[in-house]
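Undergrad: Turn these sequences into a full structure, and let the hints guide you.
Residue numbering for the sequence shown follows this note's numbering, beginning at 286 and increasing consecutively.
It should be emphasised that the hints constitute simulated quantities derived from the structure, not laboratory data.
Source: prediction; values computed, not measured.
No farther apart than 35 Å at their CA atoms in a straight line, the calculated lysine-lysine pairs in the DSBU-like style are these:
#1 Lys424 / Lys305
#2 Lys490 / Lys674
#3 Lys558 / Lys490
#4 Lys558 / Lys674
#5 Lys475 / Lys424
#6 Lys424 / Lys558
#7 Lys305 / Lys674
#8 Lys490 / Lys424
#9 Lys490 / Lys475
#10 Lys558 / Lys733
#11 Lys674 / Lys733
#12 Lys305 / Lys733
#13 Lys558 / Lys305
#14 Lys475 / Lys305
Simulated restraints on C-beta separations:
#15 Ser489 / Cys697: 52 to 60 Å
#16 Val726 / Pro494: 43 to 51 Å
#17 Val541 / Val463: 22 to 30 Å
#18 Ala357 / Ala471: 19 to 27 Å
From the three backbone atoms N, C-alpha and C, an ideal C-beta is built for every residue, glycine too.
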Amino acid sequence: MNSLIAKNIAMYTIVEFAAKGFGFLVAIHLANTLTTRDFGVLGFAWGVYSCFVLIAQAGLQSVGGREVARGAIPIPELTGNVFSLRALFSLVSFLLLALFASSLEWGPDIRTILLLQGCSLLLVPFQAHYLLRGSGQVKPLVASQICQSGCLYLVIWMVIDGPDDLVYVPLAFLLGTVSGIVPLLAGYRKIGGSFLPYDFYSSSKVLLPPALVVGASGLAVQIYYSLDAVMLAFLKGEEMTGIYTAAHKVMMVLLVVPGIILSSYFPSLARGKRSIAAYIETMVLVGIPFGFAGLLSAPWVIQFLYGARYAAATLPLHVLFLNVTVVFFAMAFANPVFASGDHRAYFRIVAWGACVNLILNFLLIPPFGLIGASAATLMAECVVVIVGKRMLDRMVRISVTGMVIIPLSSACIGLILASLVFRVTGTGGPWPLLVFVVSYVLMVVMMKRGLVRRGGVGLLFAKGTISRVINSRP
Numbered sequence: 286m287n288s289l290i291a292k293n294i295a296m297y298t299i300v301e302f303a304a305k306g307f308g309f310l311v312a313i314h315l316a317n318t319l320t321t322r323d324f325g326v327l328g329f330a331w332g333v334y335s336c337f338v339l340i341a342q343a344g345l346q347s348v349g350g351r352e353v354a355r356g357a358i359p360i361p362e363l364t365g366n367v368f369s370l371r372a373l374f375s376l377v378s379f380l381l382l383a384l385f386a387s388s389l390e391w392g393p394d395i396r397t398i399l400l401l402q403g404c405s406l407l408l409v410p411f412q413a414h415y416l417l418r419g420s421g422q423v424k425p426l427v428a429s430q431i432c433q434s435g436c437l438y439l440v441i442w443m444v445i446d447g448p449d450d451l452v453y454v455p456l457a458f459l460l461g462t463v464s465g466i467v468p469l470l471a472g473y474r475k476i477g478g479s480f481l482p483y484d485f486y487s488s489s490k491v492l493l494p495p496a497l498v499v500g501a502s503g504l505a506v507q508i509y510y511s512l513d514a515v516m517l518a519f520l521k522g523e524e525m526t527g528i529y530t531a532a533h534k535v536m537m538v539l540l541v542v543p544g545i546i547l548s549s550y551f552p553s554l555a556r557g558k559r560s561i562a563a564y565i566e567t568m569v570l571v572g573i574p575f576g577f578a579g580l581l582s583a584p585w586v587i588q589f590l591y592g593a594r595y596a597a598a599t600l601p602l603h604v605l606f607l608n609v610t611v612v613f614f615a616m617a618f619a620n621p622v623f624a625s626g627d628h629r630a631y632f633r634i635v636a637w638g639a640c641v642n643l644i645l646n647f648l649l650i651p652p653f654g655l656i657g658a659s660a661a662t663l664m665a666e667c668v669v670v671i672v673g674k675r676m677l678d679r680m681v682r683i684s685v686t687g688m689v690i691i692p693l694s695s696a697c698i699g700l701i702l703a704s705l706v707f708r709v710t711g712t713g714g715p716w717p718l719l720v721f722v723v724s725y726v727l728m729v730v731m732m733k734r735g736l737v738r739r740g741g742v743g744l745l746f747a748k749g750t751i752s753r754v755i756n757s758r759p
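TA: Have a look at this one:
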């Protein structure tokens with residue numbers, strides 16, 4: 286059983302990296318092929334679509350997967366009702382998006398892009414990932430992701446050659462979505478999935494209340510992830526949105542890492558304090574270096590991926606790298622609350638972040654533009670960390686001070702060594718980042734071994750203040 290779980294986690298990891306990797310390659314190709322203004326139009330459309338797709342899903346993806354795993358409701362009845370509910374919400378979501386697009390007083394190209402992108406909402410009911418995940422059917426999921434990501438990248442690479450091809454981008458996404466649905470439907474029918482409702486009214490009363498809470502939580506999270514690009518477009522124009530989108534895409538691909546860690550730990554998070562503490566410690570250990578790495582690598586990353594046209598994205602990327610570290614802490618505190626089944630408490634956590642992000646965007650974007658948008662994201666995520674820790678403390682008290690000492694000390698030492706290498710050699714590019722990563726890993730390993738062998742006294746800091754703090758940690 287353990288080997289099966291490990292195999293599934295490995296498969297999900299590969300799928301997630303493949304999906305995000307192909308998506309990131311698509312974004313890089315589009316950024317270098319289109320004008321910054323056109324890339325900003327896409328960033329705006331993606332930001333709007335990502336919110337409306339959560340309305341279409343309405344939390345039924347999560348609740349449906351949970352019910353499949355429980356096995357209390359027969360598969361034909363469950364899938365038929367979930368399909369019907371998602372079809373209803375998808376139609377409502379598409380109509381709302383169409384109404385929103387028609388109300389925009391911008392150029393017709395923006396409305397066209399938004400409407401074409403919105404057509405993918407109508408396919409949400411056929412994306413039966415929840416059934417396959419809940420029943421442990423990994424192969425159709427892998428095939429679906431390969432088909433969708435591969436088709437999207439191939440079409441984008443073959444068709445999009447310049448700004449005149451902007452309208453084909455959402456059509457490529459639509460085609461990729463359709464190609465990804467085909468393997469899903471094969472697995473859906475094989476397991477016994479149905480498209481017809483069974484006792485629809487009674488089932489809706491069971492499925493909808495928890496689903497809407499989960500859906501609202503997902504929408505709140507998406508607001509402080511995607512609202513910046515949307516509000517930048519309204520307040521500062523499409524070209525600045527394109528520059529911000531370049532930095533934002535780098536952040537989003539890095540957030541695959543905490544998602545994979547969560548997938549590995551999630552089944553055990555409801556088992557008690559020890560499992561939660563192990564999860565938090567892993568998130569802290571992996572998450573802290575990202576902010577430091579951003580100080581070293583942001584200029585090189587922007588230049589390497591996007592070129593000189595997007596140089597203005599460097600400073601926002603510095604801030605968003607710091608935000609990645611904060612996201613690790615936010616997920617470390619908030620997800621155990623979600624895993625405990627207290628979805629309302631989890632919603633309160635992310636709702637705080639969404640509200641703060643909305644207010645700060647209005648306050649910071651007009652005077653500060655790109656920096657204001659990225660700072661709003663960072664500060665909203667910090668609020669999520671604070672509220673999440675308080676909610677977690679109500680459930681179980683876990684001190685994180687001792688968990689932070691070793692990775693924070695290692696990251697500081699790695700940053701100093703990388704800075705020295707840069708100053709002595711004058712070599713930029715990836716080399717300071719490589720020195721930082723190697724130094725961080727070595728320092729963490731050496732300190733951890735020192736703690737094991739010397740009863741809580743760090744190997745390199747046996748007589749220093751840091752070692753005494755480590756030795757006295759709870």
